[in-house]
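K.L.:
Make the full structure from the sequences, and use the hints.
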Amino acid sequence: MQSRYLLCAAWLPLAAWAAPLPPWAADIDAGTLAVIADGDFVAQTYATGRLAPVDAGWQDTLAVWTRRNGAWTHGRIPVSNSVTAAPEILALAPGGATAFVVERLGMRQGDAQTVRDLPAGSRLFAVDLGAPQAPRIAATLDVGPLPEALSVSADGRRVAVVANSPDDSLLTLARYEQGRFDGVQRFTLRELGVEVTSTAPRAGLTATNVHWHPSGRYLAVNLNTLNRVAFFQVDEAGDGALALRPWGEPVVVGTDPFVGRFTPDGRYYLAANWGRDFSATTLDGRVPARPSSISVIRLADGDGTRHAQVGRTQTDESSEGLAVSPDGGLVATVNMRGTPFPPDSPRFARQASVSLLTLDASTGNLSKVADYAFEGVLPEGATFDASGNYLLVTVFQYHAGGPAGGGLEVFRVVRDGTPALRHVGRLPMPHGTHHVAVAR
Numbered sequence: 139m140q141s142r143y144l145l146c147a148a149w150l151p152l153a154a155w156a157a158p159l160p161p162w163a164a165d166i167d168a169g170t171l172a173v174i175a176d177g178d179f180v181a182q183t184y185a186t187g188r189l190a191p192v193d194a195g196w197q198d199t200l201a202v203w204t205r206r207n208g209a210w211t212h213g214r215i216p217v218s219n220s221v222t223a224a225p226e227i228l229a230l231a232p233g234g235a236t237a238f239v240v241e242r243l244g245m246r247q248g249d250a251q252t253v254r255d256l257p258a259g260s261r262l263f264a265v266d267l268g269a270p271q272a273p274r275i276a277a278t279l280d281v282g283p284l285p286e287a288l289s290v291s292a293d294g295r296r297v298a299v300v301a302n303s304p305d306d307s308l309l310t311l312a313r314y315e316q317g318r319f320d321g322v323q324r325f326t327l328r329e330l331g332v333e334v335t336s337t338a339p340r341a342g343l344t345a346t347n348v349h350w351h352p353s354g355r356y357l358a359v360n361l362n363t364l365n366r367v368a369f370f371q372v373d374e375a376g377d378g379a380l381a382l383r384p385w386g387e388p389v390v391v392g393t394d395p396f397v398g399r400f401t402p403d404g405r406y407y408l409a410a411n412w413g414r415d416f417s418a419t420t421l422d423g424r425v426p427a428r429p430s431s432i433s434v435i436r437l438a439d440g441d442g443t444r445h446a447q448v449g450r451t452q453t454d455e456s457s458e459g460l461a462v463s464p465d466g467g468l469v470a471t472v473n474m475r476g477t478p479f480p481p482d483s484p485r486f487a488r489q490a491s492v493s494l495l496t497l498d499a500s501t502g503n504l505s506k507v508a509d510y511a512f513e514g515v516l517p518e519g520a521t522f523d524a525s526g527n528y529l530l531v532t533v534f535q536y537h538a539g540g541p542a543g544g545g546l547e548v549f550r551v552v553r554d555g556t557p558a559l560r561h562v563g564r565l566p567m568p569h570g571t572h573h574v575a576v577a578r
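With our numbering, the residue at position 392 of the sequence shown is 530, and numbering never jumps.
Hints should not be assumed to be uniformly reliable.
[As the list claims (entries may be wrong)] The calculated lysine to aspartate or glutamate pairs, modelled on DMTMM-like cross-linking and capped at a C-alpha distance of 25 Å, are: (1) Lys506 - Asp554; (2) Lys506 - Asp403; (3) Lys506 - Asp465; (4) Lys506 - Asp523.
[Said to hold, decoys possible] Pair by pair, the computed Cβ-Cβ distance ranges are: (5) Ala381 - Thr252: 38 to 46 Å; (6) Glu333 - Arg355: 20 to 28 Å; (7) Arg324 - Val507: 36 to 44 Å.
Since the hints were made in silico from the structure, they are not lab data. Model, not experiment: these values are computed from the prediction. All C-beta atoms, glycine included, are put in the ideal place defined by N, C-alpha and C.
P.N.:
Written as structure tokens, this is what we have:
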């Protein structure tokens, strides 16, 4: 089944991948555009356990475009990464001078053929983008086994990473200055007060998302196996060391809150609930055949109120990526639907979708506008550009007979009356593209 799919798929070796962006991409408001791509998987690896053919020529890659005097300059570099993590494994520092990447699984070694052959990842990479055509890895840091996600503080000084050991989930904080990591501190979530009770939906603890509050004073961590989001206050001592303590009680949300975001004004936290069944042993059993959802958490504001879920809105089937516009008024989820299933599966779907929603900053009301379908296999990450006028959606690969490699599906935000999305084109990307980030 896997070989039959691959024989008819279009391969695009890294060496043959054409990087120039089309002229209309000049309208995208970004000084730096970066994507991360997993070269070890094909989309159906989730179903078969088989890695991409060694001779396909694919490679784990960070690809970067930097705009100088109105023209895009391109660079790329091999950086270990894995699509098995949440999309939030890539972030740009403010200004786009540095990209940060974590690896949940390491690159394949030798003639590795299956997912079980891949080593566990543990590294956070800082990639210097100062020379746009020649990015380089400036520093690495061990952040514990199987890191899932990272976040960069608004001032660009600190990076937070969550990882998951067999015994606990780990939260690592580090400063990044002058090309090196410093002031590294590691916490276990249990020592920070996160408890696993007998009423938990699943024994064990897994953190899949971390996000800095815009103020830099708080962190949110998604506990997807517990259906909760935990919040922590971050206090800095005179010597630069950080102390963390719980900021209110963890908030119960929907099933499997995989990723999340603070809103730009810092008043709310949005948790995207994928809804997987972790007791299932097959892809068909684990991936839900029903819409995912977003929970809106109103944050405590110092007047004695507690964090509270104030609403939950359905999106579409198997949402993974989450994007919030710079003004906070628009929210988008990337929905895989049935695209990861093999073509002969009854659950296979050719079209994925993007759900667009509006967020009322005064009430926290989240209203769904519409789902927008597009063809693409295993889409995951997304971001709005700096203006909020474009939404960029990653596609891991395309169907047999379609475009080679991966891509960014680009949507224009139409704001006449009720907001809407209009598909404007595709930017060709390396095979395995699964997250995107932009910076001015």
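K.L.:
Taking the hints in turn, state whether each one holds.
P.N.:
Checked hints:
1. Lys506 - Asp554: holds, 17 Å
2. Lys506 - Asp403: holds, 21 Å
3. Lys506 - Asp465: Judged against 25 Å, a Cα distance of about 17 Å means the pair holds.
4. Lys506 - Asp523: holds, 21 Å
5. Ala381 - Thr252: 38 to 46 Å: holds, 43 Å
6. Glu333 - Arg355: 20 to 28 Å: At roughly 24 Å between Cβ atoms, Arg355 and Glu333 fall inside 20 to 28 Å, so the hint holds.
7. Arg324 - Val507: 36 to 44 Å: holds, 41 Å
No hint from the list above goes unmet by this structure.
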